[in-house]
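Chemist: Chains as they are written, first to last, in my numbering: chain L, 7 to 270; chain G, 337 to 527; chain R, 758 to 1337.
Fair warning: there could be bad hints in the mix.
So the derived label-pair ranges between C-beta atoms look like this [as the list claims (entries may be wrong)]:
1) R:P1296 <-> G:L518: 47 to 57 Å
2) R:F867 <-> L:R90: 28 to 38 Å
3) R:F781 <-> L:G61: 43 to 53 Å
4) G:S384 <-> L:G61: 34 to 44 Å
5) R:H1237 <-> L:L258: 31 to 41 Å
6) G:L525 <-> R:F867: 53 to 63 Å
Residues of chain L clear of chain R, computed beta-carbon distances all greater than 10 Å [to be verified]:
7) A23
8) P31
9) I48
10) L131
11) P176
12) Q186
13) R223
14) Q266
Listed next, the in silico EDC-like pairs over lysine to aspartate or glutamate satisfying Cα-Cα at most 20 Å (straight line) [what the hints assert, rightly or not]:
15) L:K162 <-> L:D147
16) L:K75 <-> R:D1317
17) R:K1114 <-> L:D147
No wet-lab data here; the hints were simulated from the structure. Ideal Cβ positions, reconstructed from N, Cα and C, are used throughout, including at glycine.
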Amino acid sequence: MQRALLAATLVLMVVGAFALALLRPWWFTPLASNWGSIDGIILLSLVLTGLAYAGVNLFLAYSLARYAKGPAQYIPDDPLLERRLFWFTALGIAVLLAPGLYFYAHLVRPPQPKLTVEVLGQQWLWSYRYPGPDGKLGATDTARVSPANPFGLDPKDPAARDDVVVVGGPLRLPLGMPVQLLLRANDVIHAFYVPEFRIKMDAVPGMVTRIWLTPTRLGAFQAVCAEYCGLGHARMLGQVLVVSPQEFQAWLEAQPRAAQALGQ
Amino acid sequence: MPRVGEKPPAPPQGLGGGGGGKEGFPLPHTGLLVLLAALTSLFAALVSAYVVRMGLPDWRSLPKPPLLWLNTLLLLLASLALERGARLWEGGALREARPWARAGGALGLGFLAGQLLAWRLLLGAGYAPAGNPAGAFFYLVTGLHGLHLLGGGVALAWALARDGRGLRACAWYWHYLLGVWLLLFALLLGS
Amino acid sequence: MELPGYHDHRIGPEPRSFWTRYVFSQDHKVIALQYTVTALLVGAIGMVLSWAMRLELAFPGTLDPGRYYQAMTLHGMIMVIYLLTALLLGGFGNFLIPLMLGARDMAYPFVNMLSYWVYLLSVLVLLASFFVPGGPTGAGWTLYPPQAITRGTPGYDWGILLMLVSLLLFIVAATMGGLNYVTTVLQLRTKGMTLMRMPLAVWGIFVASVMALLAFPALFVGCVMMLLDRTLHTSFFMPAVIQFGQRLPYEGGSPLLWQHLFWFFGHPEVYIVILPAMGLISELVSVHARKPIFGYRAMVLSLVAIAAISFVVWAHHMYTSGMNPYFGFFFATTTLIVAIPSAIKTYNWLLTLWRGKVQLTVPLLFAIAFLNTFVVGGLTGLFLGNVIVDFPLQDTYFVVAHFHMVMGVAAIVAIFGGIYHWYPKATGRMLNETLGRLHFWATFVGTYLIFFPMHFLGLLGMPRRYPTFEGLTFVPPSAHALNEFITAVALLVGLSQLLFGFNLVYSYFRGARAPDNPWRAATLEWQAPTPPPHGNWGPEPPPVVYRWAYEYSPPGFPEDFIPQNAPPVLAGGGAEEGYA
């Protein structure tokens, strides 16, 4: 009786797993970037691991139901079977790894970005910096960081004077243009993550990290902090707006320059 | 115990019948080798952290007090003395071994005292652990090494109190720490 | 009293006083019990902390964020280090190794005893952090700088100090223990017990102990450096930090250096936990299915391969850390490769049950729970290890689901199975079967309901280490409802562990008397008296071994097992042919 119950439970677990994957009460957020390849690899992984899970549990359920009375057979090994299972597994691993590394290579070698935006994490809000008409982000220095100047811009540097600083966001990005995000932090490690964009990256004090994407959908999204950063970690939310390139350009030109903000 | 009239089946090839296990090292030394493996991991982690930190732009070289050379000599002599003591003890001459072992211990303590003095010299010259990565690493590296040597000194004292049992293991431990020190010293000199 | 043996290893006479028999005992069996009881008690504290976390997740506002993070940190650290590692190595390792190898005790009984007391001290130091100003550290069990030692994280002043000191003490204890386990396996096996005749439980614990000796030092170095950063304001890990408008007295350090040191330890650590568990499962499956473990040689090789490869996968915890992105190619490859020996082991357990005589005893029920959950956890590791897939999933509930499946469920149910299996030998009593079955069903079904749906919350993008999801626009109300459901199940599963605790204590006094070998197992520990006395084998020499540990259902033999020490029976005085 318990045997049948256990076998049934194992089967039900597989059914439950497949049901969750097919009915999808909780699933990816709708994609808004060029990183749809990640979704593809996750789906491939779900199929392969789902089959493996089903195989294991059904085998387990069968074995315990069928082999209750014995006598057991003395089978200490089976070199041929073991070799086959080894190669079968290695093949499965290769099928997962190959596309994973292929698309990772795209992530590691960004195209020439049309736009570079700096993302600053601080306890506990996100701020952003855009290059001005000169297309360059100005130099920064931790010694100059202050509440009024969270990026630590040098007011005398011409490349910095025309930058646009947006403290607390929102982050505006133009549709369809590859954008490189440069991430920095002033205090502790944070991570910038927009689920619809799929990718995330840590912002580490003392370093500049980077990640790139091309927004593919207009809309308003939410950025969350994805690296534990203290008491306000769950409150470090930001807004991300993907707008048309014209709207983006118009907005950028209308913003006050850093020189004005620093009173210079 | 099961009894049977027929021959029982044979276990898989290589896993069945046969003689006893291989003879290994005598008991005290296998344990020491295992301990030294763990310590090697410790000092390897330390050295890699050192090398990584050394590569960052704010590294400023530290002056090395010439005292460190004297300390190195003391540690070398300590190893030699302890080795002599261990060999005498292995030959059954406990009475002759004791003064050598004690000399080794004293020289080791001399090394430690010299290291502490080197610390005072550097601190006096303004090289505090904070604000100076090379300084911080110097104190950390010499501190961890010194603490392990001190532990070895305690083990040595205990071995002497037990009529020299464990003296050979102590000597090898001491030699190991000498080797580690030579490596660490070379690293310090080269950075 | 000198007990005869096969090695130049003397154990002392039987202790006489209460203190030397039960408190400061050098007997590996007493030390095993001390480790087990301490680990289970501190684990219970860890479980209560998880209830606090679950209450906050279901009913946001129950705890303030500081308390949530303190509970989260202590829960994680207690479970991984002070429960799982201590119980598997210190508890099972101490009990099983000498008995399964035919030894009288460990190689260095005095050091072994010390290792327990240093472990206990490390536990007390950790628990003391509840009583210091600011409370325990809330830095997460990964203790990443700079947040671990700066304002903005609870316990950044006293709590983190006690945590670091506690870890240093634990590492000393683990080294003293590991020294014993490794040396005993190498040197104190009884006559006839070659390495390839050792039970897989010993192999698992042995390989894990070697790993521990090589991995813990990296954590030791990291903790010392963080202590110096915190107390002397060195800058090993601390870059220039401007926090809440203030410039802190640090400069030039690298937070990533901590991550490399921590994970160089941290990844092998999880295998240090799972390898002994795998060893235990091999015993449970073969004994209770009356069938030799399938592919013993491959099982041993897999343990060693997992151990070796696990030292070169660590940066899969750092794919999104900002480290050199090219490292991702290397670590993704090694990480997915380490799945292969784990898969081999899984196939071999399944093939052991195949055509066996599968008796649904309580230990085997827990072994089946292990197989199910280890497979789930292992398979989700393939998602996270594949570098680009980790980018959306890192720091989401997918990771939480993954590591709870392997560490929080698989390792724990292996421990439960092991306790139900060896309790009769250790105490001379059988555990109550009905309570055992109830415990199994509640734990197995309950943990599945808690952790399986979490994978999907991770696919959604729900971040981890959040006490509340207020304000997250992409999280639907159904996810909040799921959180409430999970909390309810978690509390029920937690309560059902009381059945287990009660069973352990009640059966000690009132349980049915256990025969010497209730499971009819072939390994040596079952040949010792029940419970084994001082020196394990009495005044007779220890058993001599003639075969491997898995002679179950040998064809043509009236018994369905042959103990390792049963002498080969010669038919008509003939030669011992057939034995290699």
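Chemist: Please go over all the hints and tell whether each is borne out by the structure.
Modeler: Structure-based check of each hint:
1. R:P1296 <-> G:L518: 47 to 57 Å: holds, 51 Å
2. R:F867 <-> L:R90: 28 to 38 Å: Taking Cβ atoms as reference, F867 of chain R and R90 of chain L lie about 51 Å apart, which means the hint is violated.
3. R:F781 <-> L:G61: 43 to 53 Å: The hint (43 to 53 Å, Cβ to Cβ) holds, given that F781 of chain R and G61 of chain L are roughly 52 Å apart.
4. G:S384 <-> L:G61: 34 to 44 Å: About 42 Å separates the Cβ atoms of S384 of chain G and G61 of chain L, which means 34 to 44 Å holds.
5. R:H1237 <-> L:L258: 31 to 41 Å: holds, 38 Å
6. G:L525 <-> R:F867: 53 to 63 Å: violated, 40 Å
7. A23: Violated, because the least Cβ-Cβ distance between A23 of chain L and chain R comes to about 7 Å, which does not exceed 10 Å.
8. P31: violated, 6 Å
9. I48: The assertion about I48 of chain L is violated, with a minimum of 6 Å to chain R.
10. L131: holds, 12 Å
11. P176: holds, 13 Å
12. Q186: Holds, because the least Cβ-Cβ distance between Q186 of chain L and chain R comes to about 13 Å, which exceeds 10 Å.
13. R223: holds, 14 Å
14. Q266: Check passes; 22 Å lies beyond 10 Å.
15. L:K162 <-> L:D147: holds, 12 Å
16. L:K75 <-> R:D1317: holds, 13 Å
17. R:K1114 <-> L:D147: Answer violated: K1114 of chain R to D147 of chain L is near 72 Å, above 20 Å.
Violation of the numbered hints given earlier is confined to hints 2, 6, 7, 8, 9 and 17; the remaining hints are satisfied by the structure.
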